[in-house]
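Sequences listed follow chains L and G, in order.
Numbered by this note's numbering, the letters in the first sequence go through residues 1 to 249 in order.
Numbered by this note's numbering, the letters in the second sequence go through residues 1 to 288 in order.
I should point out that these hints are in silico values taken from the structure, not numbers from a laboratory.
Treat the hints with care, as some may be off.
[As the list claims (entries may be wrong)] The calculated label-pair distances, taken between Cβ atoms and stated as ranges, are:
no. : chain 1 : residue 1 : chain 2 : residue 2 : range
1   : L       : R94       : G       : D277      : 31 to 37 Å
2   : L       : D46       : G       : P107      : 29 to 35 Å
3   : G       : P280      : L       : P45       : 27 to 33 Å
[As the list claims (entries may be wrong)] Over 10 Å on every C-beta distance to chain L, these chain G residues come out as not near it, computed from the model:
no. : residue
4   : D29
5   : A36
6   : S39
7   : M84
8   : S88
9   : P104
10  : G113
11  : I116
12  : G131
13  : G163
14  : L204
15  : A233
16  : E250
17  : D257
18  : H264
By construction, the Cβ of each residue, glycine as well, lies at the ideal position given by its N, Cα and C atoms.
Each chain, letter by letter, is given below.
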Amino acid sequence: MTSRYTRRELMVVAAAREIRDHEVVFVGMRLPLLGFGLAKATHAPDAIGLFENGVIRDRPAEAFIYTMGDPPNIVGAVACLGLVDVMSLLQQGRVDVGFIGGAEVDPLGNLNTTRTSSSGALTRLPGSGGAGDIASLAGRTVLIMEHEPRRFRERVDYVTSPGHFPGRRRGGPATLITTLGVFDLSTRRVRAASLHPGVTPQQVREATGFPVTIEDHTPATAIPTADELAYIRHADPDGFWTGDSMKTG
Amino acid sequence: MPAPESPSVPVKLKRSLREAIAEQVHDGDAIALGLALESGIPFAAVHEIIRQQLIAAWVGNVAGGSGYGFRRAYEQGQPRRIVMEDHSNFSVGLALKAAAMGLPYLPTFTGIGGDIVRGHPRIRPIGDPFGGPDLLAVGALRPDVAIIHVQRADAQGNAHLWGNLGLTVEAAYAARRTIVICEEVVPEAVIRSDPNRTMIPGFLVSAVVEEPGGALPSSVQGYWRRDFEPFLAYHRTSRTLEGLQSWLREWVLDLPDRPAYLQHLGEAALARLRVSDRRPAAEANFAP
Numbered sequence: 001m002t003s004r005y006t007r008r009e010l011m012v013v014a015a016a017r018e019i020r021d022h023e024v025v026f027v028g029m030r031l032p033l034l035g036f037g038l039a040k041a042t043h044a045p046d047a048i049g050l051f052e053n054g055v056i057r058d059r060p061a062e063a064f065i066y067t068m069g070d071p072p073n074i075v076g077a078v079a080c081l082g083l084v085d086v087m088s089l090l091q092q093g094r095v096d097v098g099f100i101g102g103a104e105v106d107p108l109g110n111l112n113t114t115r116t117s118s119s120g121a122l123t124r125l126p127g128s129g130g131a132g133d134i135a136s137l138a139g140r141t142v143l144i145m146e147h148e149p150r151r152f153r154e155r156v157d158y159v160t161s162p163g164h165f166p167g168r169r170r171g172g173p174a175t176l177i178t179t180l181g182v183f184d185l186s187t188r189r190v191r192a193a194s195l196h197p198g199v200t201p202q203q204v205r206e207a208t209g210f211p212v213t214i215e216d217h218t219p220a221t222a223i224p225t226a227d228e229l230a231y232i233r234h235a236d237p238d239g240f241w242t243g244d245s246m247k248t249g
Numbered sequence: 001m002p003a004p005e006s007p008s009v010p011v012k013l014k015r016s017l018r019e020a021i022a023e024q025v026h027d028g029d030a031i032a033l034g035l036a037l038e039s040g041i042p043f044a045a046v047h048e049i050i051r052q053q054l055i056a057a058w059v060g061n062v063a064g065g066s067g068y069g070f071r072r073a074y075e076q077g078q079p080r081r082i083v084m085e086d087h088s089n090f091s092v093g094l095a096l097k098a099a100a101m102g103l104p105y106l107p108t109f110t111g112i113g114g115d116i117v118r119g120h121p122r123i124r125p126i127g128d129p130f131g132g133p134d135l136l137a138v139g140a141l142r143p144d145v146a147i148i149h150v151q152r153a154d155a156q157g158n159a160h161l162w163g164n165l166g167l168t169v170e171a172a173y174a175a176r177r178t179i180v181i182c183e184e185v186v187p188e189a190v191i192r193s194d195p196n197r198t199m200i201p202g203f204l205v206s207a208v209v210e211e212p213g214g215a216l217p218s219s220v221q222g223y224w225r226r227d228f229e230p231f232l233a234y235h236r237t238s239r240t241l242e243g244l245q246s247w248l249r250e251w252v253l254d255l256p257d258r259p260a261y262l263q264h265l266g267e268a269a270l271a272r273l274r275v276s277d278r279r280p281a282a283e284a285n286f287a288p
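When you get a sec, could you build the whole thing from the sequences and use the hints?
Listed below in structure tokens is the structure:
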């Protein structure tokens, strides 16, 4: 029997599957908070999570959190350090994978969260936070985005978080998880690895402002298992992060 | 923790929040705050700065949320034009760390290949004197004032802080003056019982303010949970300039001080937010 699940629950599951066991993970905000916990609860029990506010955890928070600084994310942590400490580990090359999001993305995996004029008028966005650092220094990065034409640009207005560029020391964008599918960015062109159930290649092409390779045999994104859904609904009981109106499955 | 007795030690540095802001924060100052990221944001101090109508040249809020008020100021110059110096969290951390270390800059690899560092007033390309790959130099950033919210401090400003630290320590070391706002002023014996938890030594501190709940609606580990609703309400109401102004009147301008803010929040909200559970750390034996 297939459980009903939301698009965002599917994205959390896809994010979790990007984490391998024993990896050191630079955990971002929002969906990756849940993705890290889910990976720990399933296939990656020995993953370690770093948070840019200085927290190091080897097990997920025991209660729901909105931000990495919420008290349940401190309780039971293995260490509470400073930002420069965890960023130093990142710079040193100790972090295998980091999660980032953005308002705009381009085919090289450049992310913009600083400013854009795509709508005609200047719009100021929140800025880098830790995203530019994770993009620069992690062993590989996983990008998480809303899949809309205005966000998928041939060239972003401003590169807050650098993607692939000549002379990069390490890392770079590996995977892009969107509301429509999972895309491989490691080859410096955008190739669909899977489309979410019910999503057509045409839908993806219309929502993407640059060429995207979708092969005939591109599979559907594996749907969440009952155990995965049980974890997500335990960690996000009110669906704050994962609720949406697009019930599928 | 139960309310402490008033300490009998001399209170050389102890001030009300109003006095501390009036004495330590001046027009044109560069102020560093919100340094632990999402927790311990000294909102009471920010409200007092607004009430005293001070104009900060540079407010280092590294969280940099895309607030509507901030966007109106940046995009339309309303109510006044602001200038941004964009950073990543690591680069602003290194700028503070360089100042804290007494260095003109620190080298880093972060930001290479991106637009933040392009033409940046404080970040320049630099070669490696040992023959390695090129780096970026992040120039020192010395705030005039750092405002820090901690759990407890003694009257000399020696401050115990636990939980995530963010850039709190770097900012306190880098700043010309540091205001420590605490949940409780405690006897110095409490601080000296656990010197590893002293994140800011008192000789760096210019003023100590006892202001319980001074970081609300942000959290303070062991004292206050995060109050989510005000963040959402502010986001909704600040969509328009009129909305922002009415929010400012209700929560800042028409209230004299933080105790009045807590009263306005109401006892039911305070009871929900106040931490009464106990999860104490294990004892560390410092016996010689």
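How the hints compare with the structure:
1. Between L/R94 and G/D277 the beta carbon distance is about 34 Å. The supplied range of 31 to 37 Å therefore holds.
2. Between L/D46 and G/P107 the CB atoms are about 33 Å apart, so this pair conforms to the stated range of 29 to 35 Å.
3. Evaluation of the 27 to 33 Å hint for G/P280 and L/P45 yields a pass: the beta carbon distance comes to about 28 Å.
4. Here G/D29 stays apart from chain L, with its beta-carbon at least about 22 Å from theirs, past the 10 Å limit.
5. The claim that G/A36 is not at the interface with chain L is violated, since a C-beta of that chain comes within 10 Å of its own (minimum 7 Å).
6. Its closest Cβ contact with chain L, about 4 Å, brings G/S39 to no more than 10 Å, contrary to its assignment away from the interface.
7. Not every CB of chain L lies more than 10 Å from the CB of G/M84, the least distance being 8 Å, so the non-interface label is violated.
8. G/S88, annotated as away from the interface, has a beta carbon of chain L within 10 Å; the closest lies near 4 Å.
9. Remark: the non-interface label on G/P104 is consistent with the geometry, its nearest Cβ contact in chain L lying 17 Å away (cut-off 10 Å).
10. Consistency note on G/G113: stated as away from chain L, yet its beta-carbon is not over 10 Å from all of that chain's, at 4 Å minimum.
11. With a least beta-carbon separation of about 6 Å from chain L, G/I116 fails to lie farther than 10 Å from that chain, contradicting its non-interface assignment.
12. Consistency note on G/G131: stated as away from chain L, and its beta-carbon is indeed over 10 Å from all of that chain's, at 15 Å minimum.
13. Distance check for G/G163 against chain L: the nearest CB is about 5 Å away, which does not clear 10 Å, and the non-interface claim fails.
14. Residue placement check: G/L204 keeps its beta carbon more than 10 Å from all beta carbons of chain L (closest about 16 Å).
15. Separation of G/A233 from chain L is adequate, the least Cβ-Cβ distance of about 15 Å exceeding the 10 Å criterion.
16. With a cut of 10 Å on Cβ distances, G/E250 stays outside the contact zone with chain L, its closest approach being about 23 Å.
17. Every Cβ of chain L is farther than 10 Å from the Cβ of G/D257; the closest lies at roughly 25 Å, confirming the non-interface assignment.
18. For G/H264, the requirement that its beta carbon stay farther than 10 Å from each beta carbon of chain L is met, with the minimum near 23 Å.
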